[in-house]
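Asks: Given only the sequences and the hints, what does the whole structure look like? Please build it.
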Amino acid sequence: MLTHLDAQGRANMVDVTDKAVTSREAVAQAVVRMRADTLDMIVNGDHPKGDVFAVARIAGIQAAKKTSDLIPLCHPLMLTSVKVEISAQGADAVLIVARCKLSGQTGVEMEALTAASVAALTIYDMCKAVDRGMIVENVRVVEKLGGKSGHFQAHAL
-6 MLTHLDAQGR ANMVDVTDKA VTSREAVAQA VVRMRADTLD MIVNGDHPKG DVFAVARIAG
54 IQAAKKTSDL IPLCHPLMLT SVKVEISAQG ADAVLIVARC KLSGQTGVEM EALTAASVAA
114 LTIYDMCKAV DRGMIVENVR VVEKLGGKSG HFQAHAL
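Sequential numbering from -6 applies to the sequence shown in this note's numbering.
Keep in mind that the hints were calculated from the coordinates and are not lab data.
Straight line, CA to CA, 30 Å or less: simulated BS3-like cross-link-like pairs of lysine-lysine:
| no. | residue 1 | residue 2 |
| --- | --- | --- |
| 1 | 58 | 94 |
| 2 | 94 | 141 |
| 3 | 76 | 94 |
| 4 | 42 | 121 |
| 5 | 42 | 59 |
| 6 | 58 | 42 |
| 7 | 59 | 12 |
| 8 | 12 | 94 |
| 9 | 76 | 121 |
| 10 | 58 | 76 |
Ranges of calculated distance between the beta carbons of each label pair, as one might list FRET restraints:
| no. | residue 1 | residue 2 | range |
| --- | --- | --- | --- |
| 11 | 51 | 121 | 17 to 25 Å |
| 12 | 81 | -1 | 42 to 50 Å |
| 13 | 33 | -1 | 46 to 54 Å |
| 14 | 11 | 83 | 41 to 49 Å |
| 15 | 0 | 29 | 51 to 59 Å |
| 16 | 66 | 118 | 22 to 30 Å |
| 17 | 82 | 41 | 22 to 30 Å |
| 18 | -1 | 44 | 44 to 52 Å |
| 19 | 132 | 28 | 19 to 27 Å |
| 20 | 84 | 44 | 17 to 25 Å |
For each residue, glycine too, the CB sits at the ideal point set by N, CA and C.
Replies: This is the structure we're talking about:
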């Protein structure tokens, strides 16, 4: 059953009033593939727009906080922690890992996914002038902890 639909099939925000407040955490990732020379420019600090990873990290944090403004049926949440880690992976990829936490009545998967996605889009935006062929891929929840459904761990790709 889709919890965002009522008996008539209309979209509604899920009522979490009676759910217990529990510790919840979600980890999401995204990967940006690019030319090796583009990644070299970022890693060596030679990008004309500045520190790409630092800007993307801040964009991801901001995005997590704005998730309910972007996704219509998402609850506004009082996040207690948002961490976005960005690292070069091999010669042509960037891995973004976003971790969101709170004590609340609903999960933080959408916030983690939004953080990872917007960080990836920020990297694309900052680097598109030098590499229009970049690919954003593998955006997914890799782990979820807490709440009624318990622990989820994604399979390795």
